[in-house]
Structure formats: structure tokens, C-alpha cells
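Number of protein chains: 2
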Amino acid sequence: MLRARGSGRRPVMLAIAGDSAAGKTTLTRGLVQCLGADRMTAVCVDDYHRYDRAERSGKPFTALHPDCNHIDIMEQHLQLLSMGEPILKPVYDHSTGELVRPELVEPRDFVIVEGLLPLHTRMARACFDITVYLDPPEPLRHSWKVRRDCAKRGYTPEQVMAELDRREPESAAYIRPQRKHADIVVRFAPVAGRLDPPGTPLSAELLLRPTIDHPDLADVLDSGPAGTGADRTETAMHLRLHRDTDGRPVDALHVHGYVSPEESQVVKKAILEHLGPRAGTALSDPGVLGQLGDAGTSDPLAITQLLLLYHLLDADHRQAA
Amino acid sequence: MLRARGSGRRPVMLAIAGDSAAGKTTLTRGLVQCLGADRMTAVCVDDYHRYDRAERSGKPFTALHPDCNHIDIMEQHLQLLSMGEPILKPVYDHSTGELVRPELVEPRDFVIVEGLLPLHTRMARACFDITVYLDPPEPLRHSWKVRRDCAKRGYTPEQVMAELDRREPESAAYIRPQRKHADIVVRFAPVAGRLDPPGTPLSAELLLRPTIDHPDLADVLDSGPAGTGADRTETAMHLRLHRDTDGRPVDALHVHGYVSPEESQVVKKAILEHLGPRAGTALSDPGVLGQLGDAGTSDPLAITQLLLLYHLLDADHRQAA
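If you read the sequences in order, they're chains A and B.
Quick note on the numbering used here: the first sequence kicks off at 1 and runs consecutively.
Quick note on the numbering used here: the second sequence kicks off at 1001 and runs consecutively.
If you're looking for bench data, these hints aren't it; they were derived computationally from the structure.
Don't be surprised by glycine CBs; every beta carbon is placed ideally from N, CA and C.
Hints are not guaranteed to be accurate.
Stated by the list, open to error - The following label-pair restraints were derived from C-beta to C-beta distances:
#, chain 1, residue 1, chain 2, residue 2, range
1, B, E1098, A, R147, 28 to 38 Å
2, B, G1097, A, A54, 15 to 25 Å
3, A, P169, B, D1213, 51 to 61 Å
Build out the structure end to end from the sequences listed, making use of the hints.
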């Protein structure tokens, strides 16, 4: 009954789920810049609060709790966007803690939905072509949240740490369980046991689940079985067959922070080649990939973003076919 | 793809369209009271403003203009309600002229949608089981608007008259054309050429289009052809075959303001009898019908409301069958 877009094409939908300060905005920014804002709609689904800050203060749960959010309306809006329909999205003002005037969101060719709970329900998950969960080690995420909330939202470190403690039971109950529903789990972290020079970017570990078709990178990557030699575990990038924490098989792509520009270029080129000629016209500027919030750059981030762009363009291509 | 209500039943949808101060709220109030607020959801669709008052002041059109409203979102929300889905409805604060926090609206068994433009587009009209247009004579509506806006919104009569002048071209272009899409056109007006005592309620003229099945009232009403005798035109209630202003055939039910309680009771009873036994359990208190905003009562209004209740219950019955 609801109409599709005039073009008859549905947008490609990408979810980026993760806890507060897990890096969602940093990951999203490069994707929007690279595909171009005229083709990309970025939506944050953390504004579906049922209560404003004053109302919430008397409730026994934090803003993370599904009962604290209009999850049914979030699902409905994700469905509408996935059908190419506009939505009037609620808006929460973080500075005042008030729910304010909603905003019109019209889906372009690609829709990136980032937030705390986009993969919480089956109905919401069904709206996405590609699902990502950001899974940094908790101590690292805590330090990111302290830095951001103190710099941009005027809190003290003690306030932020207290809030993290208060949220932990609901993070465990509602945020982290989304990890198992992601096609790709992204973990940025320092490599254990290495003493890289200051300024070395974090390494990326990407779990690539067989729920979507990933580009075949075995030719350009060290992809032997784990533990066949000391040299193998030392390579800056490698692909390993792996069992996830729940025992399910998964490919694990490691991109270490100390990867050389030449090495990372080989992988980037391989991903672009898998896309074929459409990559060249679709990506307005691959040079914007890998930019960190504090103006540094990271090859592990750039490769992560390029892999997501591969999936966005591949899904778009398959829909058009 | 969007889910229906748990019960599997869709709500019955009634539209009440009409210009500002045409009597929509007065008509709606009795319906909600009579069926019970627990079974009825009343929605005003005049809050889908694209611009707030400050933004609008620089635009070449008034708030009536479709371009000034999120008509596509209004259509979408009407479709969702008609499927039994909740919506997060925008809210416009008339006192401040600002768009504020949206509100959750969950459809109950019956949904009454009143406003300026609910019948503006084909897609919106398709959402309704019954459509009504309120069509008072313009001088009467102007006096109602002056009275209300001065008493409740703090304007002077001169300000209200100036606003009516400013809106007239858009009323003519967008509001009044909805009249032709209504199943029932309701006109409350004094009877021309009569000198009824002060306090006599306005008469009601109801055009009953053959687009829905009306209860057969020919047995209890004077329903002879027009002009067969002076006595006929003098009866307090009558049903006439009529040509509408566009030439289309229509039944015209007149209920004059001076109708006696005994006469109106006969018609009310006939409508209830057409509903059969379900009328008794469905109507919590038919005594609330006919109440005017200023605390008077009107039998023509009561009969109009009872006819709409007939259609609501009849549509509900047919959906359940």
C-alpha cells in the first residue's frame, strides 16, 4: 500500500550498531564523504526516546533500555526508509535533554543507520542489507567516551565514569547482544604484546560472517591456517579461519596498525578490483577514507571503510540487476 | 510488510474535513463521548506544518497551503493508522507557533481524523471508511472563527477578519474542493425566511451521497418529491432527492432547528433500529449527543452525530463479518 520511490529503486541499507562512543560517527563520516552526501543519507536512531531527560530521572532504567524508547516506531521508520519512503524522525537535543521538533529524512540511494539499538529486534534487522557491530575493548571505549563527553558535552571524567557504571547492566543486556546479528564485527584495538611507536594507529580485526558475500581477498593476503609459523603471525595483514566466541566459524581479517602504505594499497586495490569499473565512478574521493576524529589517519580504518563501501556498491548493483 | 494490530482488525477510519472554525471539534466531541474514549482515537491533522510560524512569515502562502505542509507524511500516517499501526505525530503549538515534541498516537477501534486537508489527496482519501465535509455558510463560519480566536487565542476581531481575508484564496483553492469527495456534506445554518425564537438551534442539511450505504429513513421521514405541497416544505424533517451544485444526484436530509423532541426521537430510534442489537452495547451514552460548545444542545447536531455513529458501527460490523 505504501508507495515506493519514484525511481522504483529501494535504497541500500547499512546498520552500524554499537555502544556509546564505540566509533560509529568516525566510521560513518568517511563513508558519507567517499560516496558523496548527495547519494547518502545518514540517520542516527538514538532519538526515539519515549521520555525526555526530566521524565527519565524518575525511571528505574537508563536511556539505553528498550522500554525507554519507541522501538516500534524505530522499526516502522526503518521499514519506511528501506522502502524508499520519507520519515518525520524524532529529534532529541543532547544539550538540553529535551525532545524537540522532528526532522524530515528522505532516503537517498544509500542509507546508513547508526545508533545504540538498530539491530535490537528481528523486524529492525530485516530492514538492512548489511549489518555492522562496533566492538572495541571496553577500557578503550570508556576512554573514548570520557574524552568526548568531557570535551563536547561539558561533563567531568568522574561523571562520565559513573554514567558508564550505571549503564553497564543495560549495555550487557541490550547493546552487546546485537554483536551476534552483525554480518561484520569491527574491533579497533592495540595489538597485544607489541610496543609500537607513539602515533601508530589501532589495529582492526574484522570478523566477516558468511551471512553476506565478502570479496575474496585470499589471493592478496596471507591466508594460511593459523599457527603454521612465526612469520605468519607477524604479517601486518592476514585472513584467518576462526571460531567466534560462540563457536560459529568466521573469517577474521586483521589489519595491523603498523601496516605499510604499500601493503595496505595492495588490499585496497584488490577490493576496488572486485567492484570492477563501477568503483571508479561511484567513489567520489577514496582519499577521504581513514580519517580519524582528531585529524590523524588510519589505514586499518580506511580498509574497514573500503570494505563497507564494497558491500554498499555491491548491494546497489545487485538490486539494479 | 508492516504489521497489523495484534487483533488482526483494522480500525474504522472517519474523516471530518472543513475550514477553520467550521465546527469539526464540536461534531467530533459527541462521537468520542458516545462511543467511549477507550474505543476511539481522535487525531487532528493540522500539525503537519513544514515551517513554524517564524519561518512561514517570509513565505508567500498561509498555513493552509499544501506546500506549507508535509502532505506526504500526513498520507503515510493515515495509511499507518488505517492499518492499525501507531504513529509519532508532529505537534504544532498554536500558542507559540512552534513545532514541538511529537506524540505517540495508537489507533483504537475507531479513528476520527479531523482537520483542514484530510481529503486533499487521493491517497489520503483512500484511507477512510467514511468521509465528511463541514460546509457552513461562510458568514456563519467567520462569526464562529472570530468568537473562538478572540476568546481562546487572544486575537482582536479585526485581526481575525484580516486573517480570513488573507486565507480566502487558499480556502477556495484547497479546502472547499474537498467537499466533492465527502460521503456526507454537513451544513448547519439558519433556515432562510423563518423567524424562529432566539435560542432555536441551527438547522442541519445533510447531503447523503450514494458512495456509502445510508440507513433507509424513508419510512419515518416525509420523503415525497420536492414541491408536492406547501405542507411538505413545512415539515421539520424531510428527505429530498436533490441535485448537488455540480449536478450529481444526492439525498438531502433536512433537520430543522425547531424540530420537536418527539419528532427527532422517531428518527433517532429508526437509526438505532437499523443498527440492531449492537447499537445498545456500542453506544455508552447517546444522551451526550447534540451538545454544543457553549453548553446548549441541538437536535439537528444530535441526529447528525447519530448518523455518523451508525456508519462507524456499520463499518466495524462489516469488517468483523
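For each hint, the structure was consulted:
At roughly 35 Å, the beta-carbon separation of B:E1098 and A:R147 lies within the given 28 to 38 Å, and the hint holds. Judged by the Cβ atoms, the range 15 to 25 Å given for B:G1097 and A:A54 holds: they are separated by roughly 24 Å. One distance hint, 51 to 61 Å for the beta-carbon pair A:P169 and B:D1213, holds here, with the actual separation near 58 Å.
Taken one by one, the earlier hints all hold for this structure without exception.
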